[in-house]
Structure formats: C-alpha cells, structure tokens
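Given two chains presented individually in distinct reference frames, assemble the corresponding complex, making use of the accompanying hints.
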Amino acid sequence: MTTIVTKKTPLLRTSISAAIFLALALSTSSCSKDIPTSEPLPAVTPANTDANAGAWKMIVLSGPTQIAVAAPAPVSDPGYQSELASIKTAQASLTDAQKTAITYWSSGGVLRWNQIMREIAARSDLPPSPNPDGSYPVPNPANPFANPQYPFSNPPYAARAYSYVSVAQFEALKTAWYYKYQYNRPSPFKTDTGIKALLPDSNIPSYPSEDAVEAGVNAALLTLLFPTSVDEINAKAAEQQQVALISGRASASDIAAGVALGKAVAAVFAARAATDGMKAAGGSPAIWQSLAANATARGEIPWISQDGPPRPPMLPVFGKVKAWMMTPTDIVNERPGPPPSTSSAQMQTETAEVKSIVNSLTRDQQATVYKWADGVSTVTPPGHWDAIAEPYISAASFSEVRASRSFALLNMALHDAAVACWDAKYFYFNPRPSQLDPSIKTQTGLPNFPSYVSGHSDFSAAGSDVLSYLFPSGATYFQAQMQEAAMSRLYAGIHYRSDINVGMDHGKRIGDYTVSFAKTDGAN
Amino acid sequence: MTSNHVPASSGFNKPLLFSRRRFLLAGSTPKSNGRRAGHAALLSGCLTFLSLLSPSLHAQTIDDGIMLAKRSLCAGALYTHDSWDSYWQGSLQRVNGNIGTITTQTITMAANYGVTSRLDFIINVPYVWTDASKGVLHGQSGFQDLTLAAKYKLVSVPVGKFGALRAIAVLSGTLPMTNYTPDLQPLSLGTNSKTLTGRATLNYLGRRGLYLNGTAAYTFRSNVTLDRTSYYTNGQLYLSNQVAMPNLFNYGTSVGYRKNNLSLLGDFSVQQARGGGDIRPQDMPFVSNRTNFSKAGATIKVPVPKVKDLQYWFIYSNTFQGRNVGQANTFTTGLMYTLPFEKRATP
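Chains as they are written, first to last, in our numbering: chain D, 1 to 524; chain H, 1001 to 1347.
If you are wondering where the hints come from, they were derived from the structure by calculation, not from laboratory data. Glycine included, C-beta positions come from ideal geometry on N, C-alpha and C. Please note that a few of the clues may not be correct.
Taking CB as the label site, the calculated pair distances span [what the hints assert, rightly or not]:
#1 S1133(H) - D437(D): 12 to 20 Å
#2 A292(D) - Y1312(H): 50 to 58 Å
#3 S1133(H) - I304(D): 51 to 59 Å
#4 P438(D) - Y1312(H): 35 to 43 Å
#5 T1333(H) - A292(D): 32 to 40 Å
#6 I304(D) - L1202(H): 56 to 64 Å
#7 F1121(H) - T349(D): 28 to 36 Å
#8 L1202(H) - Y477(D): 26 to 34 Å
#9 S1294(H) - P310(D): 29 to 37 Å
#10 A73(D) - T1225(H): 53 to 61 Å
#11 S1294(H) - D437(D): 24 to 32 Å
#12 Y1079(H) - T103(D): 51 to 59 Å
#13 G1090(H) - G194(D): 48 to 56 Å
Quick partial rundown of chain H residues pointing at chain D, CB under 8 Å, derived from the structure [said to hold, decoys possible]:
#14 S1133
#15 V1136
#16 Y1232
#17 V1270
#18 R1274
#19 D1278
#20 M1284
#21 K1308
Only chain H is shown next, with the shape it has when bound in the complex (with noise of 0.2 Å):
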C-alpha cells in the first residue's frame, strides 16, 4: 500500500518534492496516494517528542532529525517506565536495601505543531510517579516539568541519488509545572529547575531507508530553590536555600532503519553535568549532583494496522555507564496520531 512519501521536511529540499527524484524514492505515483502519503509522512514527524523530560525520558526525541509537514499536529500519549536498583555513588556502583528498586513512570501528553516544512513548535506535559521498592520512603507524583520547544531546518543539502542531509536547530526549555520538592532525590519528581536547551542535529535519510542521526545539546539550568536554609554538597556547606545546578552537556547517534512510516534505530546517547558533587557514601542523592550517564538502546515505531495516521511507538534504552545516577532500564511505549489541518500541496 502506500508507501511512500517524502516528508515535506525529511531531508529534501521543497523543489523535490514536485521533482521526479521524490516519486522515485517514494516509489509511487503522487496523484493516487498523494493525500494518504502525506498523512503518513506527518506521523514520522511525531518522533520529534519528548526530550528534557525525567532523567529517565532522554530517549530518542527532540533529538532526531524529522519535521511535520506545514500546519499539521501530530499528538497522543506515552507511557513510560524507568526502574532500576544499581546506581553509582559517585562512581561506584551499589545497591541500597534503603530503597531497593526506584520506579518512575511518566505519562506524557505530548503535542507537536508543524508552523511551516521547517518550523515546529513542540509540547510536553509529563505527570510523574515515583516508587521506592524497600524501606519506609514515600513515594511522589504529580506534574513535572513542561517542555516547550522550537525546532527549525537550517538547511537541506541532497547527497547525489542517495539521500539527502539536514541540520536542524532547536531551541527549547522546561518549566516546572507544579512546586514539587527537589530535596527527596531520587523520589523527587525532578530537579525543578528551569532549562533552556540548544540543540544541533544532522540527519541523513537514504532513499533505502538509511537513516543517520547525530545531535549534540548543551543546557543551562537556573538555580533551584529548597525548603531549608543551608545544605551541604560537594565538599562544603551553603548557608542559603539556593542551590547552582551545573549545566548539562549531551550528544547522541541514531542509526538504522526508516521508511514507510516505519522506524527500527539503534540509539546511543551520552551526558556529562558540567560540575556538581559525587554523591558521598550512605547519602541520599542531591538535587546538582554530577549526574552523568551513557545509554544504549532501540526506538521501534511502527503505523498501527487498519487505523490511519495512528502509530505505536517503542522505545528502550539501558544505561549502561553513570555516575550519581542508577543503571536504569526505560522503556517508553505509546500512540501518537496526526492531523493534517491542510492539504498537502500536490503538483
């Protein structure tokens, strides 16, 4: 069935779109298709989604090199499940029969808005759950952080018969939805902290499917406000309640499979905090730890059969490297439905 299509912004410049060279990556004929093509297409674009979300919701998102079709909305729901028992203090690594196993679920309502092919505007708005396995410590939930980014297509430069390739920008930020405390680490609902993230991506897309991705984003994180006046972290005891949080640095690759409204990727992503304490031994976590991690994973998004422009996603990711953070397993899975609010142009 359909196929086909080529994005309005997956990696060709708008002139190809009415060339040949679409039909022929696409594989079809426009004028059967064109309208379903472009429905399509719109669901790809959902895989932009979430970033900056709990620590656990660093997955594949934000990050990847895939834009909407103009004035076109791709929302739904996810569903994600981070846990893990092992964690580093510092950089090393242990279980605590405090806490036994910490479980943060999120469910994450998220919405991204094509403004033009190379402009979109993206929501989030996660509630957060969180469970500690043994010992007497009381769980949290409520809403975290909202995210709100832009993300624009710099440039497009096709790569001869084979594909072609993007750099993209994005500017995005979150804020804290509720005043939920940053001081019960790790059962806080997050930092609460406000971000402001830059983000390079470049992405190749072959007319086969070839899919590469590498993005690279550094964020600034405002100070966070505590409950109590002094604190003591990283070798000294402040006498305030405002704690500095470093500053983050990250960068990820994607490589794999996709086409057809259909992704198979394999993921890696990396963060280093630029500063911030070791967790000392026997202590609980601190809101500006160092908090730094190597992950490694899957992103599986296939279109629901018999339901257009529906599609479930699948996404795992282990870390397998940290420091001040647990070796967590995280597995996001959901439906995300687009909606086309014109028609796509056809020749």
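Chain D on its own, in the form it takes in the complex (with noise of 0.2 Å):
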C-alpha cells in the first residue's frame, strides 16, 4: 500500500512533465518548417516604356520584322469586344488560385522564368550513375526520360540553356515593342472601364501581349534544352497566359499573337542550337585520347579523371559550341597562355600551396566553398550569378524588354566564358592539383575535366563584368562576389592559384565583348 500511495505523487508530476514536455516540443516545431520555394518579389510597374525597344539592335533575328505580326481587329471589332466580355466574366468569379498566380506574375515574367529556369537546370544536374562494367551511359536526347534522363546539365550545357532562353526571349521582346508601338492597340482595362486592372499599369500597348510572348518563347525552348520537365513548363506558360488575361492586361487576340510571335522567335533559335556544335561537344574515345596525347606531346602530364570508376571528360567539345559574341578565332585569340609545366617548379609551389590551404582551412573560407560548390543539383555556376542579378533587375523596375535584356546580356558572357574556358581547359588538358599530389583531399565534389583555367573564375568574371556594366552601383559587391567565387576553388583544393588568377583575367576580357555590344545595341 505503500506503493499506491507513492504512486500518486508520480503520476502529478508526469502530467507537469508531460506539459513541460508538449510545450517544449511545440515551441521547436513552430520554427518555420516551412520554406518558401519560390522567392516572393515585389510587384513591378516599370519606370519607363522603353517605347523605342523595337529598334534596338538583334543579335540573331536581322530584325524586328523578320516575324511578322498582323495588324489587330479594331477595338470597335465585335469580335474584340466579345474578348472583353469574356474578360469581365472571368473577372466576377476568381479563384483564389488565380488570384495567387496573379500576385505571383505580378513581379515580371522575365524574373520568374529565369527563376523556373534555374529550378529546371538543378533538378537536371545529375551526372549519370555508371554501369555495372565502369562504363557510363550518356543521356540521349531521342530518349530523354530513359535512365539517365537528358540532358545532364552540368555547368557548360547550363550556360547555353540559360543563354539560348535570354537571348531568344530579349529578341522576341524586342519584335514584340516594335508590333506594339506600330499598333498601339491598348490594354482591356484602359478600353472597358468595366475590366479591372489587377496589374500595375504598365502604359505599355497591349499587342502582341508580352505575357504571352513571353509563355510562348520560353515553353518552346525550355521543353526543348529540358524535355522531361516539360509538363511543369507547360503549366507555367498557361498560367502566365492566363494571369495575363484575367488581369484585364491582355485580350485573347493580344495574347495568341504574343504566344505565336514567341514560338516564332523560338523555332530560329532551334534551329541554331540544332547546329551549333553542341550534338558534337561530348567527343569520342578517339578524341579523349588525343587530348591526352597532345599534352604527353608538349612534355606535360595530362589530366585524368579522378572519378571511380573514371569517367569520360565532361563535353571535351564544348570549346568549338557557337558563341554569341566572339567568333571561333576570336575564342582562339583570347585563349590563355600555357599553364606552369607540370614539370615545373612554380607547379611545385602551387601544388604545394593547394595542399597547405585545404588542410588548414578556416570555418570562413569553408564557407565561402560551400556557398560556391555550384556542383550536381544546383544551378551551376551561370545559374549562381542569375539568381545574383535577379535583386538588382527586380529593385530597377525595369519593363519587361529591358529585363530580359540585362538577363541576355550576361546569359551571352556566361555562355561565352563556357565556350573559352572550355577551349582552354582541352587545350592545355592540364591535371587537377590532387592528380598531381594525390595526399591533396578536396572540400568539395573534384569536377571530371581539366584545371586551367578555373571555370569559376571565368564565368565570375564574365558575369561580375556585364553586371558591372549594367548597375555601376552593384561594382564593388559583384568584383567581390567574382574574388570570392574565384578563391572558393583554391580552398576547396580543386584548382591552382594560376587557374584563378588567369580565369578571372580571361572571363574579364570574355564579358566586355558584351559589354561592347550593350554599349551600343541603341538601349542606353
């Protein structure tokens, strides 16, 4: 009986334990658990028109009228009028779904498909597994949704995936302007007082819509460089339509315009990617080979993969892809001089360099590795300095023509940083510092192609350039992003300091052959 009357005491204190207990635990799980996926930006009305976009210089159309566009119904037209009404019925009974995905385009369509963009090109970022022999698979883009699925995009194929979408989208925007300053055809809720504007308003002509040009360029082509993601991308650009009209912005007449100009401007830079070096940039056993050789020619050691089992170059060819803005002999031209000779002993000092910083590194420089690692399921180190620029062209409240140019202009650098640091990599085929001592261990995943020079550095320098050029204000913290980006690679014992140090002085001279072209394209 002693035991029952001791019981009671305990069975008191569970329960406060038990309280103490329950509150402790919901105070940890109420830390938000929830993470938002997408970046929530502020709605933008932009600060200028850029009513003259339409005679801003093309890059690939020859120009603004090589897609044509018809001329609109008059806004009297029963037709269009019966395209306002719909609007207004649309409008009387939103969904809250609607009502979100408007709040969500409401920042600007360039910003959110750079974002999706970047989201497709991460979840595409996988090398492929080997087989059970040590041979790997390549993805095959007639079949891509077979193990491994196409593409894998590591940073090269990344870097021209971003750059096709800009550049195809910038154009296509720019032949929008110039159909919509030639017809003048104005938005639904400026014609019919009846439509509400649930967007700012824009003062921009509403034919062809840019919404939809917009839906219709990047789905063409997104589907075409990620074709396994191509349901996502579908829903986006029919919500993006959608939005565009339920918002009062667009008719369906200016929308089905801006979605067949879009897919216009898409099928001329298909066909480009179809012939740009790209089927070619993965090479063939004969290739690899005399990558090696070439180097064992010149008395150096080559570059070997350090992947178990070792793994095939990563797109050996990518040098001689297409460029936007250097021709083949321009890429030539800028590349790099030699490396130290691996026999060297500056190679020596640096190699032993390598090892003293990865074996001693601070918690600071590990995080700058990390923050960098840009390695499989991100969006590669091009995708790394769009989501960089995206503040910057969301803060300037920019039309939408002149955000996808900021988005071309250092898509171009980067792709063309991939191309000339590619070309320099297979060139020199130059060894990775932990094939030369293998005691070095890396901070990060070791990439599967040559050292020199640091693609980091390039694509950094390339896009801190452009990005420079474009917010002057930004200079300071892009140089600094570029140096610490650019030395994330010799603290994560991947590369040399002269990979960085030349990387960076290339991927400088690379970007300002855009920012040549910017400074005249007729935008300033």
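Structure (structure tokens):
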C-alpha cells in the first residue's frame, strides 16, 4: 500500500513533465518548418516603357520584321468586344488560385521564368551513374525520359541553355515592342472601364501581349532543352497566359499573337541550337585519347579523371560550340597562355600551396567553398550569377524588354565564357592538384574536367563584368563576389592559384565582348 | 562475490528495497556487501548513455530502463567506429567509387548523474572524425552535438514474485557545439540541427535476470542553415539558406540477461523520418534526406575484474535495412566508472 501512496505523486509529476515536454516540443516545431520555394518578389511597374525597344539592335534575328505580326482588329470590332466581355466574366469569379497566380506573375515574367529555368537546370544537373562494367551511359536526347535522363545539365550545358532562352526571349520581346508601338492597341482595362486592372498599369500597348510572348518563347525553348520538365513548363506557360487575360492586361487576341510570336522566335533559335556544335561536344574515345596525347607530346602530364570509375571528360569539344559575341577566331585569340609546366618548380610550389590551404581551412573559408560549390543538383555557376542579378533587376523596375536585356547580356557573356574556358581546358588538358599530389583531399566534389583555367573564375569575371556595366552601383559587390567565387576553388583544393588568376583575367576579357555590344545596342 | 544488489531504480519501488524481497533477489546479505552492491548498481545505471549522437550511435542508450542511484555519478569515455561502403540511394542499394568506405569514428565523453532515485541527468560530448576511403574528398573532424537529457522514472510496478515493470520518460535535446557544416554529407560531422526528443520506455527486469525493454521516441528537429542561398531537394529548388528538417520517430527493443552487473542483450531498433527527399542518382546525400533504418545488434557490459566500479562496454549493431543511409556496421567500446557521493542507505 505504500506503493499506492507513492504512485500518486509520480502521476502528478508525470502530467507536469508531460505538459512541459509538449510545450517545449511545440515551441521547437513552431520555428517555421515551411521554406518557401519561390521568392516573393515585388510587383513591378516599369519606370520606363522603353517605347523604342523595337529599334534596339538584334543579336540573331535580322530585325523585328523577320517575324510578321498581323495587325489586330480595331477595338470596336465585335470579335474584340466579345473578348472584353469574357474578361469581365472571368474577373467576376476569380478563384484563390487565380489570385495567387496574379500575384506571382506581377513581379514580371522575365524574373519568374529565370527562376523557373534555374529550378529546371538544378533538377537536370545529375551526372549519369556508372554501369556495372565501369562504363557510363550517355543521356539520349532522342529518348530523354530513359535512364539516365536527358540532359545532364552540367555547367557548360546550363550556360548554353540559360543563354538560349534569355537571348531568344530578348529578341522576341524587342520584336513585340516593335509591333506594340506600331499598332498601339491599349490594354483591355483601358478600353473598357468595366474591366479591372489587377496588374499595375504599365502604359504599354497590349498587342501582342508581352506575357504571352514570354510564355511562348520560354515554353518552346525550355522544352527543347529540358524535355523531361515539359509538364511543369507547359503549366507555367498556361498560367502566365491566363494571368495576362484575367488581370485585364491582355485580350485573347493579344495573347494569341504573343504566343505565336514567341514560338516563331523560338523556332529560329531552335534551328541555331541544332547546328551550334553542341551535338559533337561530348567528343569520342578517339578525341579523348588525342587530347591526352597532345599534352604528352608537349611534355606535360595529361589530365586523368579521378572519378570512380574514371569518367569520360565533361564535354571536351564544348570549346567549339558557337558563341554569341565571339567568333571561333576570337575564342582562339583570347585563349590564355599555357599554365606552368607540370614539371616546373612553380607548379610544385602551387601544388604545395593547395595542399597547405586545404589542410588548414578556416570555417569562413569553408563557408565560401560551400556557398560556391555549385556542383551536382545546383543551378551551376552561370545560374548562380543569374541569381545574383535577380535582385538588381527586380529593384530597377525595368520594363519586361529591358529586364530581358539584362539576362540576355549576362547569359551571353556566361555562355561565351563557358565556350572559351572549355577551349582552354581541353587545349591544355592540365591535371588537377589532387592528381599531381594524391595526398591532396578536396573540400568539395572534384569536377571531372581539366584544371586550367578555373571555370568559376572565368564565369564569375564575365558575369561580374556585365553586371557591373548594367548596375554600376553594385560593381563593388559584384567584384567581391567574383573574387570570392574564384578563391573558393583554391580553398576547395580543386584549383591552383594560376588557374584562378588567369581565369579571372580571361573571363573579364570575354565579358568585355558583351559589354561592347551593350554599349551600342540602342538601349542606352 | 557480491553479486548483488538491486539498484535504487532497477524496477522495484523504494519500499521494496528494504523488504525481504530485495535479499531474495540479490541473493546475498545486505550488511556485508551493501555498499559495494550499491556501487555495482550504479554501474548498470550507466546503460542510459548515448543517444542521438551521430547516426552511428543510435545504440542502446538513453532508451533503456535503468536508473542511477541517488547522488551518484557514472562517467567514462566510449569509442565508436561506424563504417559502410554499401548504402541506399533512396531504396536502391549501391556502392560508390567516389567515396568507397565511409568511416565515422567518435569519442564520447559521457556522464550520468542520479539526482534522485527517480531522476537522472545525462550529458554527452562527442568528438567525431569522418573519412572516405576512395575518391578525393577531405574528411572532417570536430566536436559534434552536445546531448542533455533528463530521465524520469514515472512508475514501478512489481510483477508478482518474478520481477518488476517500470515506465520511464525521457526528455532530451541536442545542441551543435560548433558551427560545423551540414552541407558535406556523408562527411559532415552531423546535421547541425537542434533537436528535442520525448521518449517513453517500458522495462521489465526479472529476478533471475530476464531483461525486456521497449522504447519509442519522437524527435523534433530545427531548421538547418546552409552556407549557400539555394538548394535542390525532394523535387524542388529552394531559394533559401534554410532547410526544414523532417522529424524522426524511433522505436526499439532489447531482450536479454542483466544481473550482477553483467548485461548480455540483443537489440533491435528502427528509425523513420517523417518526411524528406531521397538521395538522387549519383548525387551526394542531403542533410534533410529521409533517413530510415532498421538495426539489429548486441550489447555486452561486464565488470572489469579487480577494478572496483569499472565496467567495460561493447555494443555492436548492423543496419540491415534502410533508406538514404549506409549499411553500417557499428561498434562502441569503452569504460564507464561510477562514483557514489552518498552511501547507499542501509536499513
């Protein structure tokens, strides 16, 4: 019976401790578990309509009239009037999902499509797993859903993809602007006071709809480049078109003309992509061997794959892929001089420096490594620079055509840097520090391609160069990011100091090609 | 020799300690051996250590049914060796030539203090080394997560003449001791998440040494901060440096013999993450992956001959089923010493 007496107290204590536990548990769980997947971006009201954008210099198209856009029906046309009526009907019963979609796209489709593209690129950034016999399967564009899925969106592939979509979108929007100001059809909410303006009034004519142009060009090119994401891409495109309509900004005919224009421009770029050298960029066993033989003939130790099992080099012929602002001769002319010989004292010193750094990394240096790892399942270095550009473009309240110019310029430079960097990497075929000294252990995944010059340094210098031109107020920050990105590769133990210094210098020169174009494209 | 004792908390209500039953169970006379018996009892209380350390150390631990005697301290050092070469990438079992065998070694300084006969406080301080046998990745080392736990005996019910059944509640938490990275799995020291765990344990100890233990726990895990501003997991790109960590549900059982300061147990335990994505093909593991596993193993704890109050531990486990974890073989070995601050009350 003593037991019975003593039991009562524990029961009381139990309930108290249980209550304390629950309170603590709830307080822990309440720290927000929900991480938003898309950044909230402010709604954009363009500071400038850029009414002359139809006259800005084209990059691939011959001019805005390369794609014909027929004149719209007059606003008094009964067909157009019934289009307006259907907008009113739709606005009368907006669902919550539609309202959320309007908010989402109010920040501007150019920014949203760039985010979507980064997500898709990260999803596709997976190297194939080895076969049981130690060979590697190659993703097949003719059968993209098979294992391994097509594409493997590695840094050069991603650089090219970001640039194709961004440049095509820019050309399509310049064309749209040309016709907008030729036909000057106002937005439905301006024509009919019964239609609410659920997006900020940009004072930009609505035919053809810029939102629909973006949906058309992005859907077509993203599907071409990332075929396995087709459902998500189409859903986003459909949503953007619907938002253009139900927000009162564009009518059905504005949208139809925009989608058609976007798709027509996309077709021009798809044709370019089919013949830009990408198909041959993977090389062949004979090419891989000749690259090593060339290095050996020069008296250098050739690069070897340190993947287990050894993997064919990543896109060894990407250096021959067509650039945007540079000719193949420019690429060769800009190629940096050779790295220190693998047998030189300088190379020995630089290898020793890598080893010493990697074995005494501070936590801050480690953070820099992880921040800039940009490895598997990431947006890759070019996507990282798009992410850096995003807040500057958003804060600038650009028109859609000018926002698209920023991404087009940036991604052209990043693509050209990829081409030029890959040209140098495979021309010199220089080994990584961990190959020359196997006792060097790396602080991040070792990229499966030659060392010289550093891709991060090249990309970052080109990206920083263009962004500093577009947003001079951020120049100091962009330079700091470039330095950090470049140095992260030395801290990680995957690059020598010369890879980094020469890479930054190289990237700056590549970026300057795009900056020169930007200075004279008529947008200033 | 002595044999015997019934620890203050070994499953019998306090009044029983002073009853004749105690001597029946212990099989010795209290006067001659009472004090020594008390010490020995404390050793067994050490069973309560370790838990929630690295994934490797989810062994017999905070989850048993043993309590320390009042005002006694049990402390020591344990070494854990955990290694795997085969792992589950989602549900696909594979090996990876870029990492070879992943070995995690841990030295844990552990202490357990009996505040009263029904309340123990536990602290663990682990230092961890990681290494990959193949590929070029640099291993990591450093202090991992401090564990603090309060273990409370709710109730103890005698089961006839055969033994006693106890119910125990444990509230424990972990706190990363350093700002180590969670972003280099599987070579990171841990997940760098703060955790809070509620645990309930039912334990039966028979007078002839039959030991039955069942335990279940739920762990809340705080968000983790990365050094980067976006990451891809579970089908989505997150534009944030914050990672939501799925909570964990664990349960386990141990069956065996425990008497006279000797434990021979068979262990089985399961972890189920309440969310999280799978490792993607040829990708690195990610901190918030859904880490599920089933482990089986054994625990041996024996008194060190001729050294009073010192106990030797050997714990082995094998992960025989899992998802996003290594098929690990894990053993823990070490010595635990007990220091009583108060003589055991004798009648």
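A quick look at each hint next to the structure:
1. S1133(H) - D437(D): 12 to 20 Å: Distance hint for S1133(H), D437(D) holds at roughly 18 Å.
2. A292(D) - Y1312(H): 50 to 58 Å: Hint holds: Cβ distance 56 Å, inside 50 to 58 Å.
3. S1133(H) - I304(D): 51 to 59 Å: violated, 19 Å
4. P438(D) - Y1312(H): 35 to 43 Å: holds, 40 Å
5. T1333(H) - A292(D): 32 to 40 Å: Because 49 Å falls outside the window, the suggested range is violated.
6. I304(D) - L1202(H): 56 to 64 Å: holds, 58 Å
7. F1121(H) - T349(D): 28 to 36 Å: violated, 55 Å
8. L1202(H) - Y477(D): 26 to 34 Å: Given range 26 to 34 Å: violated, Cβ gap about 59 Å.
9. S1294(H) - P310(D): 29 to 37 Å: 35 Å Cβ-Cβ, so the 29 to 37 Å window holds.
10. A73(D) - T1225(H): 53 to 61 Å: holds, 56 Å
11. S1294(H) - D437(D): 24 to 32 Å: violated, 42 Å
12. Y1079(H) - T103(D): 51 to 59 Å: holds, 56 Å
13. G1090(H) - G194(D): 48 to 56 Å: Given about 54 Å between the Cβ atoms, the range holds.
14. S1133: Violated - the Cβ of S1133(H) stays beyond 8 Å from chain D, reaching only about 10 Å at its closest.
15. V1136: holds, 5 Å
16. Y1232: holds, 4 Å
17. V1270: Nearest chain D Cβ about 21 Å off; hint violated.
18. R1274: This hint is violated: R1274(H) lies away from chain D, its Cβ roughly 11 Å from the closest one there, beyond 8 Å.
19. D1278: violated, 12 Å
20. M1284: holds, 7 Å
21. K1308: violated, 32 Å
In this structure, the hints that do not hold are numbers 3, 5, 7, 8, 11, 14, 17, 18, 19, 21, in rising order.
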